[in-house]
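Q: Just so you know, the protein sequences line up as chains A and G, in that order.
Oh and the first sequence: position 39 is 39 in my numbering, straight run, nothing missing.
Oh and the second sequence: position 515 is 626 in my numbering, straight run, nothing missing.
Calculated from the structure, these hints are not laboratory results.
It should be emphasised that the depicted structure is a prediction, and the values quoted were computed from it without experimental measurement.
Treat each hint with caution, since some may be false.
Claimed, not checked - Keeping only pairs whose Cα atoms sit at most 16 Å apart, straight-line, the calculated EDC-like set for lysine to aspartate or glutamate is:
1) K56/A x E557/G
2) K630/G x E196/G
3) K220/G x E196/G
4) K104/A x E552/G
5) K104/A x E551/G
6) K542/G x E388/G
7) K481/G x D447/G
8) K104/A x E557/G
9) K602/G x D584/G
10) K405/G x E522/G
11) K533/G x E522/G
12) K525/G x E379/G
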Amino acid sequence: MIVMIAAALAAAQTPAAAPAGNAQNGKKLFAQYGCFQCHGYEAQGGLGTGPRLAPKPLPWAALSRYVRQPAGQMPPYTAKVVSDKDLADIYAFLSAQPTPPPAKSIPLLNN
Amino acid sequence: MAKSKKLSVGRRNFLKGAAGGAAALVATSGPGPIKAQQAQAPRNGSAPILAKEPDPGPISSVEVLTADRPGSDFMVDVIKALGFEYVIANPGSSFRGLHESLVNYGGNKNPEFITCCHEESSVAMAHGYAKVEGKPTCVLAHGTVGLQHASMGIYNAYCDRAPVFMIIGNTLDANTRRPGVEWAHSVQDAAVMVRDFTKWDDTPASLQHFAESAVRAYKIATTPPTMPVLLVADGDLQETPMPASERPRIPKITLAGPPQGDSGGVAEAARLLVAAENPVLIADRCARTPAGMKLFTELAETLQAAVVNQNGRMNFPSRHPLDQSERAREVIRNADVILGLEVWDFWGTVNNFRDQLHRTSQPITKAGAKMISVSATDLNTRSNYQDFQRFPDLDLSMAADSEATLPALIEACKRLITADRKRAFEERGKKLAEAHLQAEERVRAEASYAWDSSPISTARMAAEIWAKVKDKDWSLVGGRGWAMRLFNFDKHYQHVGGSGGAGEGYGAPSSVGAALANKKYGRLSVSIQNDGDLMYAPGVLWTAAHHKVPLLSVMHNNRAYHQEVMHLQRMANRHQRGITTAEIGTTLKDPFIDYATLARGMGVHGEGPITDPKDLGPALARALDVVSRGEPALVDVVTQPR
Numbered sequence: 001m002i003v004m005i006a007a008a009l010a011a012a013q014t015p016a017a018a019p020a021g022n023a024q025n026g027k028k029l030f031a032q033y034g035c036f037q038c039h040g041y042e043a044q045g046g047l048g049t050g051p052r053l054a055p056k057p058l059p060w061a062a063l064s065r066y067v068r069q070p071a072g073q074m075p076p077y078t079a080k081v082v083s084d085k086d087l088a089d090i091y092a093f094l095s096a097q098p099t100p101p102p103a104k105s106i107p108l109l110n111n
Numbered sequence: 112m113a114k115s116k117k118l119s120v121g122r123r124n125f126l127k128g129a130a131g132g133a134a135a136l137v138a139t140s141g142p143g144p145i146k147a148q149q150a151q152a153p154r155n156g157s158a159p160i161l162a163k164e165p166d167p168g169p170i171s172s173v174e175v176l177t178a179d180r181p182g183s184d185f186m187v188d189v190i191k192a193l194g195f196e197y198v199i200a201n202p203g204s205s206f207r208g209l210h211e212s213l214v215n216y217g218g219n220k221n222p223e224f225i226t227c228c229h230e231e232s233s234v235a236m237a238h239g240y241a242k243v244e245g246k247p248t249c250v251l252a253h254g255t256v257g258l259q260h261a262s263m264g265i266y267n268a269y270c271d272r273a274p275v276f277m278i279i280g281n282t283l284d285a286n287t288r289r290p291g292v293e294w295a296h297s298v299q300d301a302a303v304m305v306r307d308f309t310k311w312d313d314t315p316a317s318l319q320h321f322a323e324s325a326v327r328a329y330k331i332a333t334t335p336p337t338m339p340v341l342l343v344a345d346g347d348l349q350e351t352p353m354p355a356s357e358r359p360r361i362p363k364i365t366l367a368g369p370p371q372g373d374s375g376g377v378a379e380a381a382r383l384l385v386a387a388e389n390p391v392l393i394a395d396r397c398a399r400t401p402a403g404m405k406l407f408t409e410l411a412e413t414l415q416a417a418v419v420n421q422n423g424r425m426n427f428p429s430r431h432p433l434d435q436s437e438r439a440r441e442v443i444r445n446a447d448v449i450l451g452l453e454v455w456d457f458w459g460t461v462n463n464f465r466d467q468l469h470r471t472s473q474p475i476t477k478a479g480a481k482m483i484s485v486s487a488t489d490l491n492t493r494s495n496y497q498d499f500q501r502f503p504d505l506d507l508s509m510a511a512d513s514e515a516t517l518p519a520l521i522e523a524c525k526r527l528i529t530a531d532r533k534r535a536f537e538e539r540g541k542k543l544a545e546a547h548l549q550a551e552e553r554v555r556a557e558a559s560y561a562w563d564s565s566p567i568s569t570a571r572m573a574a575e576i577w578a579k580v581k582d583k584d585w586s587l588v589g590g591r592g593w594a595m596r597l598f599n600f601d602k603h604y605q606h607v608g609g610s611g612g613a614g615e616g617y618g619a620p621s622s623v624g625a626a627l628a629n630k631k632y633g634r635l636s637v638s639i640q641n642d643g644d645l646m647y648a649p650g651v652l653w654t655a656a657h658h659k660v661p662l663l664s665v666m667h668n669n670r671a672y673h674q675e676v677m678h679l680q681r682m683a684n685r686h687q688r689g690i691t692t693a694e695i696g697t698t699l700k701d702p703f704i705d706y707a708t709l710a711r712g713m714g715v716h717g718e719g720p721i722t723d724p725k726d727l728g729p730a731l732a733r734a735l736d737v738v739s740r741g742e743p744a745l746v747d748v749v750t751q752p753r
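Extracted from the complex, chain A is given alone in its bound form (with noise of 0.2 Å):
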């Protein structure tokens, strides 16, 4: 799916810039449109479902894409049903979200 998404990227145009968006409102969006069911409330991933989105997020170019003409197993979000500006808002939390402390610092998970 990485191969897709970075091929998507490549297709487009010019890498336009991310529109503005409420970053608030986002996380309610992610919930409500179901994105957290594959991709976790934080966007970390989930199992078998969906990878990590956050931090970091793809370029909103690649992204916005993806999520409208899925390649992989994703179900489309079309914008009948997600419009432009509710994808910015979701963009914005997914930007918005902070990066964890290396594993290495975490003890737990250096057993």
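Using the hints provided, position chain G relative to the given structure of chain A.
A: Coordinates of chain G only, in the frame set by chain A:
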């Protein structure tokens, strides 16, 4: 389960005037033994009630009310000869004779009667037990309605290739059936309902027949592919006394050796594997026993081949440098030879299937890759239920048990390895070890995301559990997920695979059954328990409490039938409507189920719901304290969806 509430009419005619609780004085006469009986005091302490003086009519009308040698006593002799540790059952009138013989004549020991609240739980317990012990235990069920309840459990065991030995009751003779419920619980062919997913069944017509069929059924159940078997123990056969002249015998119990791959196939497989530049060994239900795990590890190390462990059984140490399960797709894509050992879905392993409006698929493997399968399923493929999966394009197929084939395959490989190949293998092994270490680091990094979130991440939950169990003799008897990625698995009993048929409701009872098997070895049994799964038949928690089965159940409580949430979401998205309604009919909320209270109501230590990850470690410690005293405990953890 409906039970007859009518007074038993009995199977023979009463003398007119005989009072309940008292037996008539009878004279001994006629062809068969008729015991003399005494008048007895009724239970309420009043004066004994004697039967009226019997009508001195023909002796053949005299009622005999007791028996010393019911047929079911001999059935217990047979059950004991087969070495069952337990009989697991929800009680049923159709096997009342056998039940009484087990607990009285049999002394309720070897086997011990384990009481369940649902027949599906009985079978799933036996399923989990069999995977730890490597042999079946016995399940009893009421014919008809009991078997109907049990049927999904039997299907799971069938798909998972696990042996379960079932005995169900029935009353074939219409002349001896009690009116009412016993007719609703009788059937001409009791086993037909499950015949498509049992390996063998029989309805013995005599006690000698029962003995021979029981031994045959045990042999069939335990010969790979191991699967459930079923005997019908007719009520009359159980309850009719054996005349002194009847002395049925139990045949010698000789089990069959497992089928090995043919010598030609083994030689060709060895040739392909040794010549390969990028061989991949895929193990699913390969290691039936601890010996299987040792042998598979030896094969992998001999070839220095990449291993993909699909975890249908505990096949391979998870931190072994050759384990490439975290990068399975990559190694399969680059493979020139793939060996699948008891792989349930070979086609799905080597093809990518896309579930969109138009379903498409394409191979993952590169052109020219050779594919070899060793599978006992090829020896027993049934038609109706489609669990045999899509037909793969194989270059070599051996219809055989993988574990039994491994010794010959290892030797065949060793004979072909030259000094040059050995050097190439060593180089390959080093690269695989490096790739394995990098994958382990990636897993740890992945686990750190959402580390402190609420609902609690499943990675965090697994890591907290691991910290508490890693220095004990532990066994993961239920659940997989992040535990499979973070725990250090290196012993065969440390996990037991999944349900087989994906019939939900398997998890809780199979965990209790596996924990029951682990109990005598002093192992710490841990289960990561899905919430939806537990709700099918939560009464198994009572069974664990009643029989003092030490088991730590940690709820993976995502408050939904989450798989179905995603399916519904897919449909809504596809139809571009209602994308916010996937929770209707799929979620468990309003109210949230309080699993800790549910557990306590069944006699199980219960804590939770826990929503703050900082509370998890202390709660687990308290629960483990209970389990260390030999009792079950449950910690309800509210988690992320996956």
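Q: Next, verify each hint and record whether it holds.
A: Hint check:
no.: 1; hint: K56/A x E557/G; in the structure: holds (14 Å)
no.: 2; hint: K630/G x E196/G; in the structure: holds (12 Å)
no.: 3; hint: K220/G x E196/G; in the structure: holds (8 Å)
no.: 4; hint: K104/A x E552/G; in the structure: holds (9 Å)
no.: 5; hint: K104/A x E551/G; in the structure: holds (12 Å)
no.: 6; hint: K542/G x E388/G; in the structure: holds (12 Å)
no.: 7; hint: K481/G x D447/G; in the structure: holds (6 Å)
no.: 8; hint: K104/A x E557/G; in the structure: holds (12 Å)
no.: 9; hint: K602/G x D584/G; in the structure: holds (10 Å)
no.: 10; hint: K405/G x E522/G; in the structure: holds (14 Å)
no.: 11; hint: K533/G x E522/G; in the structure: holds (15 Å)
no.: 12; hint: K525/G x E379/G; in the structure: holds (13 Å)
Hint compliance for this structure: every hint is met.
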